[in-house]
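Asks: Going down the list, the sequences are from chains X and A. Residues in the first sequence are numbered from 48 upward in steps of one, following this note's numbering. Residues in the second sequence are numbered from 27 upward in steps of one, following this note's numbering.
Honestly, the hints are just simulated from the structure, not real lab data. Using N, Cα and C, we set each Cβ at its ideal position, and we do this for glycine too. There may be inaccurate statements among the hints.
Stated by the list, open to error - Not close to chain A: a few residues of chain X, all C-beta gaps over 12 Å, as computed:
1) I57
2) K140
3) N230
What the hints assert, rightly or not - Listed below are the simulated DSSO-like cross-link pairs for lysine-lysine, each with C-alpha atoms no more than 27 Å apart in a straight line:
4) K93(X) <-> K79(X)
5) K304(X) <-> K286(A)
6) K55(A) <-> K304(X)
7) K320(X) <-> K72(A)
8) K109(A) <-> K55(A)
9) K283(A) <-> K217(A)
10) K155(A) <-> K320(X)
11) K341(X) <-> K250(A)
12) K283(A) <-> K238(X)
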Amino acid sequence: MDNKQLKERIKTNTLSDSPLVLIYEDVPFICKQYINQIAKNKNLEKINIDKLSDIPNNDELFDTKDSFLYVYQTDKFDEDIPEDVTNLIVICKQATSKNPQIEQVKINKLLNWQIEDYVKARVPGLTEPQIKWLCEVSKYNIYRLEKECDKLSIFSKDLQQILFNQMNSENVYCDLNSLTIFNFITAIVNKDYRIMNEVLENIRWIDIEATGVVTLLLKQFKTLIDVVFSATWNNTLSCSEKQFYYFKHNMLGLYTKDQLVEIYEFLTSLDYKLKSGYIANDILIDYILINVLKF
Amino acid sequence: MIGQRKLLSKINSFTIDTFPRSSLLIAEKGMGKHTLVKYINDHIIKLPLHDITEIISSEVIDQIYRNPNPGIYLINLSEMTEKEQNIMLKFIEEPLNNSFIILLAESQHMVLETIINRCTVFEFENYTKDELKTFIYNKDDAELLLTVVRSPGKLLTTNTKNIKDIIDICEKIVSKIGQANYANTLSITRKINFKDSFDKFDFEIFMEALNYTLFTTYLKTDDKIVLSMYNLTRDQRKQLIDKRINKEIFFNNYLTKLWKVARGI
């Protein structure tokens, strides 16, 4: 059975009671949506189990087995499913063919347009650009979007638009951004202008302290200096052997030796400049960017 | 108190009635500022001593005015910002009855002009070698040690046993830094004690020793690059008076500059 057939059978409520294995690629979000719908269609109560042996036998007293849909989630599924088990759905990332008689369905990774469609269906009051913005700011994280949709979907279509604008103006969505100071530092060192722009646009909502930027940049550039000026790794260097060879293969060529010396001299001069009042803390990030990126 | 004869004779000329209400003692770290304050209190003022450096603020000063207690208020200016120094202006100008304010500083440059104008300034003299020798336990390295350390406090509180090793490494730096790899140059930082690694070289003694080595090397060689390295070191040491700076970062910056000068960049 493929994804399409499964969807069709759920829609028409023609899915058998036999166990089913759903294999997801990225996140199990869709699997759980399907399971909710199956439980609803079959009028079963959903029960999450930690191991297959938690499913009761048929001959147990007060046999209530037929009224439950058992859901077993694991990363890699390679267990035997007993023959008499029914109404069991296994969610996993990988499955071996130990149970050839059991149907396995591969659930494709959610594409961005599918996620946007999902949001549109849940919150029809939002415009296309608003949906796209919300998805982008949530990095297309379906769980985050689900939570935002839950908040807005309790209101009518007309009110959804008003509430969205109101919440946005109050910066409710600012914490959806997953950028951190480490993304910023990596972007500066790698000269990744796209990420740098993104961080600078949202800097008010990201926990970035100028002095923290200086400390981390000093560490990063010191490692880079050790790598560039040393032929092989040794234990006196400021980085691990793994880091050394990672930098050696990925970072060489970004800066010349002279540029690294100039950048490190500039970065080590900042502490004195800051503490002696030569430069103000509130312009420090801009000052760093201009002086590091000029190379 | 050993040495400081002129200063002590000036101080001894005061009585509790003539001793200045606000005074400023200027001397490098370890020269004996606190010892002198104790001497002044024991011999002249004889009042309770309150060190309010750590707690100084407008509120604390108001509180002192509201509940005045006779005594000596001691304030160390070395770690204070300009803003914090400004807070004290009124306190210095209008001292309380039966109270004295003694300010301590390592350099006149670090004190606001307005504070200097409101105080009687007492400056320390340099100690003679014979005076300093009385603070050295291991007399074998005394001569070498006294070429780089000139304050009793430093001789008493820091690890000066490894002075020969310090001089050795300074000589190596002066002669080899021009050919050294930049990463290796920065690795010198690992040999220095910036906080609590007392088995490593004391940072201030190391800088003094390097300055001394550069000076003597220039006298021997007349090398212009060594002269530039010496001038750089002398200028950089002035920044070290500011206690707020991060010494490790400062040292890396200094090594970078020294490496560039040594290579003629």
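Asks: Which of the numbered hints are not met once you compare them with the structure shown?
Replies: 6, 7, 10 and 11
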